[in-house]
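Using numbering that gives the first Met the number 0, you'd call the opening residue of the sequence shown number 0 and step up by one each time.
Check the hints yourself; a few may be wrong.
Claimed, not checked - Within a straight-line C-alpha distance of at most 30 angstroms, the following computed DSSO-like cross-link-like pairs (lysine-lysine) qualify:
(1) Lys163 - Lys123
(2) Lys312 - Lys237
(3) Lys74 - Lys56
(4) Lys229 - Lys163
(5) Lys242 - Lys216
(6) Lys126 - Lys22
(7) Lys192 - Lys216
(8) Lys22 - Lys79
(9) Lys267 - Lys126
(10) Lys60 - Lys79
(11) Lys312 - Lys290
(12) Lys163 - Lys216
(13) Lys313 - Lys242
(14) Lys290 - Lys278
(15) Lys46 - Lys22
(16) Lys290 - Lys277
(17) Lys278 - Lys297
(18) Lys297 - Lys283
(19) Lys216 - Lys278
(20) Lys267 - Lys192
(21) Lys237 - Lys267
(22) Lys22 - Lys297
(23) Lys74 - Lys123
(24) Lys312 - Lys283
(25) Lys38 - Lys216
The hints are simulated quantities; they were obtained by calculation from the structure and are not laboratory data.
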Amino acid sequence: MSIVIPVYNAAKYLERSIGSVRKQTYENLEVICVDDGSKDESLQILKDYAAEDPRIKVISKENGGSSSARNAGLKVATGKYIGFIDADDYIETDMYMNLVSALENDFDADAAQILSCEEDEEGKVIKAFGEGFDESVSFSGREFFRSLLLHRGDSSFCTKLFRKDFFEGFSFSEGRLNEDFELLVNMSSSIRKLLAVRQPGYHIILRGQSNTRGTYKQSFYENVMENADKMLELTERKFPENKEDAIHFYLMQAMWFLLHIPADEMNKDNTLYTSVMKKVKSFKGNILSDKYLSVKHKRNLILFAFFPARLVKKTHERLKK
């Protein structure tokens with residue numbers, strides 16, 4: 000098994016993250032640590048670990064982002080299975096044993112995923128294992144795609160283990176945000192079966208400075224809405240029977256964007272804002288009939304799309320609550 004870990008200025012997290020990998024009960028590991036141009040002591044720490052543990056390989060490259068680092072690791076991976084970990088997260092000691100066991104007991108499955116939880120940097124649990132996710136034990140590619148459309152699917156690569164031969168021909172888009180989601184969407188039409196292992200496995204650490212949801216970043220939301228457009232297009236090509244679900248996904252992403260855009264950015268000069276508003280208005284019937292939208296969500300979307308901008312701007316902060 001090959002585990003790819005992109006590392007960038009993560010020195011203070013490596014003892015826990017790399018340590019949790021080294022303690023795995025499944026020991027036949029190739030741990031590929033890709034230092035992505037770190038400016039702290041990360042690279043030296045990785046080299047020290049590699050000197051202690053022959054399973055650890057270190058790659059050093061110029062900074063190119065997480066996707067670039069993952070792709071660099073993929074190129075040298077030799078394992079039968081491929082997995083990913085973020086350098087500031089950590090895993091349960093039996094995570095990979097549970098995932099490998101699942102895949103070795105079902106040769107029709109291309110991948111398996113395990114439960115995750117979210118914690119702050121002090122260890123306080125923000126989201127418990129499995130909270131908010133579909134409780135199915137396996138998915139076809141189409142079923143998994145639909146779970147993503149309905150915001151019930153786990154869109155992280157770090158909770159998953161893939162057969163290496165399935166990964167051939169796929170890579171992460173470099174220079175973009177939401178790279179996990181984009182690649183999983185592209186993979187979904189090729190997945191025969193995804194197994195869901197209902198065991199605790201992956202600990203996501205929410206770092207304040209990396210939480211993009213806290214502040215408005217135009218480039219981030221451009222990627223969010225581009226992914227929403229891609230979901231509509233891919234659904235039409237591959238899963239036309241899920242068109243209503245794809246529109247639901249678009250509306251939810253649009254609402255998230257509209258709730259976070261600053262009020263003074265809501266104008267005709269903002270091309271992202273105007274294009275999103277135009278499409279939301281075209282989905283008026285779907286807003287009213289969508290059984291997965293709450294009353295609050297429907298109210299917000301109708302207010303954004305069909306009420307005067309000056310009124311929306313006045314109530315913008317209240318709508319976020």
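Against the structure, the hints:
1. Lys163 - Lys123: violated, 35 angstroms
2. Lys312 - Lys237: violated, 39 angstroms
3. Lys74 - Lys56: Distance ~13 angstroms between Lys74 and Lys56 Cα, so the pair holds.
4. Lys229 - Lys163: holds, 26 angstroms
5. Lys242 - Lys216: holds, 29 angstroms
6. Lys126 - Lys22: With Cα atoms ~24 angstroms apart, Lys126 and Lys22 stay inside 30 angstroms; holds.
7. Lys192 - Lys216: violated, 36 angstroms
8. Lys22 - Lys79: This hinted pair holds, its Cα atoms lying about 20 angstroms apart.
9. Lys267 - Lys126: violated, 38 angstroms
10. Lys60 - Lys79: holds, 25 angstroms
11. Lys312 - Lys290: With a Cα-Cα distance of about 28 angstroms, the restraint between Lys312 and Lys290 holds, given a limit of 30 angstroms.
12. Lys163 - Lys216: Roughly 35 angstroms separates the two Cα atoms, so the pair is violated.
13. Lys313 - Lys242: violated, 34 angstroms
14. Lys290 - Lys278: This hinted pair holds, its Cα atoms lying about 19 angstroms apart.
15. Lys46 - Lys22: holds, 18 angstroms
16. Lys290 - Lys277: Holds, at about 22 angstroms.
17. Lys278 - Lys297: Within the cut-off at roughly 15 angstroms; holds.
18. Lys297 - Lys283: Holds, at roughly 10 angstroms.
19. Lys216 - Lys278: holds, 21 angstroms
20. Lys267 - Lys192: Roughly 45 angstroms between the alpha carbons, so the hint for Lys267 and Lys192 is violated.
21. Lys237 - Lys267: Violated. Lys237 to Lys267 sits at ~34 angstroms, over the 30 angstroms cutoff.
22. Lys22 - Lys297: violated, 48 angstroms
23. Lys74 - Lys123: violated, 36 angstroms
24. Lys312 - Lys283: holds, 21 angstroms
25. Lys38 - Lys216: holds, 24 angstroms
The structure fails to meet hints 1, 2, 7, 9, 12, 13, 20, 21, 22, 23 from the earlier list, while all remaining hints are met.
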